[in-house]
Amino acid sequence: MTRRRTRRTKQSPLSLLLGLALVLGLIFVFYELDLLPDESPAAEAPTAAAPIPGGIRTAQPGVSGEGELWAVYFTDPLNKKVWYVSPQGKKRVVDEGIERPNGLILWPDQGTLVVADTLGPYLWTFRVEPDGSLSHKQPYYTLRMVPGQMGSGADGMTVDAFGRLYVATHAGLQVFDPTGRMSGVILKPQNKFLSNVAFGGPNLGTLYVTCSDKVYRRPTKVRGVRYHKAPGEKPR
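Heads up, the sequence shown is in the numbering used here, so the first residue is 1 and it goes up one at a time.
Honestly, I wouldn't trust all of these hints.
Claimed, not checked - Derived DSS-like pairs: lysine-lysine, alpha-carbon spacing no greater than 27 Å straight-line: (1) 80 / 91; (2) 192 / 214; (3) 80 / 221; (4) 91 / 81.
Derived by calculation from the structure, the hints in this document are not laboratory data.
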């Protein structure tokens with residue numbers, strides 16, 4: 001593979017982060033994904049917790065479509081809880097006990113919720129029931145830990161069109177196949193905290209990660225998934 005010149009864009013942090021929300025580096029050790037070796041700082045990107053009505057603060061909300069209405073899942077790391085807000089605005093706890101629940105993501109068909117444990121070695125999966133409740137909790141993905149680090153550092157996640165899951169951790173961007181087996185780890189673009197990941201661009205062919213004070217991008221040969229509007233509808 002050839003090394004391509006690093007590019008730095010002039011996009012503002014706000015416009016880039018909004019773009020990532022709507023369509024929802026790096027030398028690497030990876031044997032399954034065919035990614036192009038082009039790491040590019042895309043923007044400076046501060047992060048902050050988002051307030052949820054009721055005084056709870058969360059860093060990683062997830063949205064579920066219910067016909068023309070929308071529901072929200074979010075984590076409450078300090079109290080070890082996962083919350084659900086119905087389309088009518090009523091919130092309730094749907095899981096307790098994960099040591100430090102942080103990032104979460106709904107599978108494209110909205111039938112499975114994955115929750116990252118920042119202090120633990122697992123990503124936890126749940127079946128999403130019609131009323132928004134969660135069942136069949138299990139530690140489905142086993143994370144690679146870094147000696148000397150507190151916990152896995154598991155945080156933001158995304159999935160690609162082949163059903164592989166990507167999660168930002170202390171070890172780097174860990175990638176798992178649809179059966180839950182690790183495919184490999186993409187090293188961090190800089191030796192700082194890797195917090196989030198998303199596919200973006202017109203064809204979802206660019207992988208973005210937030211790493212401390214910067215946002216990096218990398219063109220990929222795999223594609224992300226556009227989330228659909230109603231449960232049961234085929235993802236695009």
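Evaluated hints:
Proposed proximity of residue 80 and residue 91 is supported: the alpha carbons are some 16 Å apart, at most 27 Å. This hinted pair checks out: residue 192 and residue 214 have alpha carbons roughly 10 Å apart, not beyond 27 Å. Restraint check: the Cα-Cα separation between residue 80 and residue 221 comes to about 37 Å, which exceeds 27 Å; the hinted pair is violated. Using a Cα cut-off of 27 Å, the hinted pair residue 91 and residue 81 holds, with the two alpha carbons roughly 12 Å apart.
Hint compliance for this structure: hint 3 alone is broken.
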